[in-house]
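Q: Chains as they are written, first to last, in this note's numbering: chain L, 1 to 146; chain S, 1 to 222; chain Y, 1 to 311.
Each hint should be verified, as a subset may be incorrect.
[Said to hold, decoys possible] With beta-carbon atoms standing in for the labels, derived distance ranges: (1) S:Arg194 / L:Glu100: 54 to 60 Å; (2) S:Asp219 / Y:Asp211: 53 to 59 Å; (3) L:Lys90 / Y:Lys254: 42 to 48 Å; (4) L:Tyr87 / S:Glu130: 20 to 26 Å; (5) Y:Met279 / S:Gly210: 45 to 51 Å; (6) S:Lys187 / L:Asp71: 43 to 49 Å; (7) Y:Met279 / L:Lys90: 54 to 60 Å; (8) Y:Arg42 / S:Pro212: 50 to 56 Å; (9) S:Met108 / Y:Glu174: 57 to 63 Å; (10) L:Asp71 / S:Pro212: 52 to 58 Å; (11) Y:Leu103 / S:Arg205: 31 to 37 Å; (12) Y:Ala310 / S:Arg185: 48 to 54 Å; (13) L:Glu100 / Y:Arg30: 47 to 53 Å.
[As the list claims (entries may be wrong)] Which residues of chain S face chain Y? A few of them, derived with a C-beta cut under 7 Å, are: (14) Lys154; (15) Ser155; (16) Leu157.
Hints are computed from structural coordinates only; laboratory data are not their basis.
C-beta: ideal position from N, C-alpha, C; glycine also.
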Amino acid sequence: MADFEPIIVAFCCHYCAYGAADLAGSMRLEYPPNIRIIRLPCTGKVTPILLLRAFEKGADGVYVAGCLEGDCHFIHGNLVAKPRVNYTKKLIQEVGLEPERLEMFNMSAAMGPRFAEVAREFTERIKALGPSPLRKTQSAATKEAA
Amino acid sequence: MVIGERKPFEEIVKMLNGHKKILVLGCGGCVTVCLTGGDDAVKVLSSQLRMSREKDNDPLEITEKTIERQCDPEYVEQISDIVGQIDGVLSLACGVGVQYVAERYPTMPVYPALNTTFVGGSKKEGYYVERCQTCGDCKLYYTAGICPVARCSKSLLNGPCGGSTNGKCEIDPQVDCAWQLIIDRLKSLNLMDRYEQIIEANDWRSSRDGGPRTMIREDFQR
Amino acid sequence: MSTECVTDSRLEKILRAGHFAVTGECGPPRGADPEAVRKKCRILKDKADAFNITDNQTSVVRMSSIASSVIMMQEGMEPVMQMVCRDRNRIAMQSDILGGAALGIKNMLCLSGDHQRFGDHPQAKNVFDLDSIQLIRMVRKMRDESRFLGGEEIKTAPKLFIGAAANPFADPFEIRVPRLAKKVAAGVEFIQTQCIFNIKKFAEWMKQVVDRGLHEKVFILGGVTPFKSFGMARYMANNVPGMDVPDELLQRMKGTPKESQAEEGIKIAVETIQQLREMKGIAGVHIMAIEWEEKVGEIAERAGLLPRPAV
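Chain L on its own, in the form it takes in the complex (with noise of 0.2 Å):
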C-alpha cells in the first residue's frame, strides 16, 4: 500500500535503549515519525501481554529494545526479555500475525545512530509486511460506526 504508515510501538529501556534515542535527538538524526515510545526502567520488565497488548490495540509493529547482552544495568533483565519475546513471536503467529512484526534489539545509550537504523529499518521491514491483519478490520469497523 502507498500510502500505508505504520503504526510501531518501541518499548525502551530507560539505561541504554531510551538513552541512544535521547542521543539520535540531540545529534539531529533522521528516523521515521511511525515510532512510538514507550520507557521501560529495563527490558525484563516486558511479558508477553505487554507485547501482545500492543498488537491488539492496533500496533503493525513492535519492538523491544535494551542494553547489549552482559551490559544490562539490572545485570539480567534483557536475558530474561529474549525468550520471552521469542515466546510471544509464537504466540502472535498462533493467532495469524507474521512473527516479523516482533522483535528484539540491543544497543548502548552511546548508540544513537544505532537507534536511528534500527528505527528505520523495522519501519520498512513492517511497510513490506502491510497493515496488521487486525487493523484492515478494526478501520473497517471504525468507517462503518464513522
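Dock chains S and Y against chain L, hints included.
A: Only chains S and Y this time, still in chain L's reference frame:
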C-alpha cells in the same frame, strides 16, 4: 503439583465456534505454579482469542477471572453471578477444575484450555518433570526415594531391564534410567542388600486400574 | 545341577544330560500365512535342540508366539514360547501359559519386552502388570505348586521348562550379576544371554557368575549372532540399546571386501562359539541369525555342534 499444558491454539479456537460471550477462568492452584493456567495465562490467552476472532470478523467478548482453585465447590460458587451473562466457560484449570465447573453449572458449556499431563514437580522455574503415578501403594521405602512406577518407562519393580545404557532409558537418551538412579542411591545409603529382595507382583487395585478412587476423612463428616 | 527332568522338554533333557545345548530363533511373520512359519522351520529343523519364537519383538506386531509355536510343533520341532510383559496382564499371561502347555509347548522364555515406542504401534497403552522376575516366579508357582498367582488351585499344572534373558552388556555393569541372581532366586532354569561380541566383557561377567556359584543353579547359554555385513555390525553397534560391539570387530568387518563380509561374519560367530565352549559355566549356545535363518545350520556345523545328540 498437577501439570498441564495449553492445548494447541487452533483446537481452542475450534471449541469456541459459535460462542459470542465467554468467561476465561483461571485457577490459582497448581497451574499457576507451572505457569500455564493462572492469571497471566488467562490474560495472554484472552488477548490472543480476541485478536484471532477480530481477524475473522467474528468478535468474541471475554470476561477474565481467576479464582483461588477450581477443585473446591466454594470457589467455583464465586462465578455464579457471571454465569448468567455468558454463553460458555473456557477453563484453564486441570481436568479436575474443568469438571467441577461443568458439574456446578450443568447448563453451561465448559471447555478445557489445557491438556492435563502429569503429577510432578519443578526442577527449576519453567521446567517440570513427572514423579508420581498415583499408584496408591507407595514403594519409595524399597527404592530409596525414587519411584520405579513413575520414573521407569516400564514401571519395573525389579529393574533394570536390558535396555539401560549409560544411566539412560532405552526410549530416550534424555530420560534417566530410574533403576540406575535407585541403585546409585541404594549404594550411597549402604542398602544394596535391599536390591536383591524380590518385590512381588503389584496389587494394582489401589491405582486407577481398580476404578475411580475416593478418599474420605471420617472426622470431617457431619 | 540335578540330572532329573521336571518337564518333557528336549532342551531340559539335553542340558541335564550334560550336553552342550544349541537353541535357535525364529521370528514369526507379519501376516496370517502359516506357510511363512513352515518355510523357516524347514530350514532350521535338526540344527538345534529347541527354537525361540519371539513375541512381538521390538513391539512390532507379528503372528503370536503361541500360534507360531504350534505350527513349529506340527513340523516336528520343539519351540520355546517367548512371553513379554508389555502386552499382557497376569490374567492373559496365565491363560496363555495354560493354553500353550495344553497345546504341547514345553519351554517358555520370560521377558520384560521392548517399550512400544520402538514398534509400529507407539500409540498403544502398555501393560507391564508384571515384570520378568515376577513372571518367572508366577510360572514356577503354577508348575510346581499347581497354584495361580492369586493362590487358587490349578487343576492340571502347566509343565514348562522356564527360561529368561540376561544382558551382560547393559548398564549398570555391576548390577547385571545381582539381577541374574534375582532371576535365579525367582526360579529360572535356563538363561539365554544377549548376543556376545565383546568376549572380554562377557568373560568378566561369567567370572562373577561362577564366583557366586550361579552357574550351578541355572543353565547359561551364550547368545551368538553372525554379522551379515559391515553395515549390520555398525548398525548394531550404534542403534541397538544394550548391544556392545568392540572396535576390533568393527574394523575387522570394515576391512573385509564386501563380497566376503558375510563369510567373515560367520567366521566370527563360529570363533565365538568355540570360545564359549571353553568357558566354565557355559551350558550351551543360543544362535540368533536375524532374518538369516539359513545360516544357523552352517554355523552349528562349522562349530562342530551337529548332529544334535539323541535323548
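Q: Take the hints in turn and mark each one as holding or not.
A: Results of checking the hints against the structure:
| no. | hint | in the structure |
| --- | --- | --- |
| 1 | S:Arg194 / L:Glu100: 54 to 60 Å | holds (58 Å) |
| 2 | S:Asp219 / Y:Asp211: 53 to 59 Å | holds (57 Å) |
| 3 | L:Lys90 / Y:Lys254: 42 to 48 Å | holds (46 Å) |
| 4 | L:Tyr87 / S:Glu130: 20 to 26 Å | holds (23 Å) |
| 5 | Y:Met279 / S:Gly210: 45 to 51 Å | holds (48 Å) |
| 6 | S:Lys187 / L:Asp71: 43 to 49 Å | holds (47 Å) |
| 7 | Y:Met279 / L:Lys90: 54 to 60 Å | holds (59 Å) |
| 8 | Y:Arg42 / S:Pro212: 50 to 56 Å | holds (53 Å) |
| 9 | S:Met108 / Y:Glu174: 57 to 63 Å | holds (60 Å) |
| 10 | L:Asp71 / S:Pro212: 52 to 58 Å | holds (57 Å) |
| 11 | Y:Leu103 / S:Arg205: 31 to 37 Å | holds (32 Å) |
| 12 | Y:Ala310 / S:Arg185: 48 to 54 Å | holds (53 Å) |
| 13 | L:Glu100 / Y:Arg30: 47 to 53 Å | holds (48 Å) |
| 14 | Lys154 | holds (5 Å) |
| 15 | Ser155 | holds (5 Å) |
| 16 | Leu157 | holds (6 Å) |
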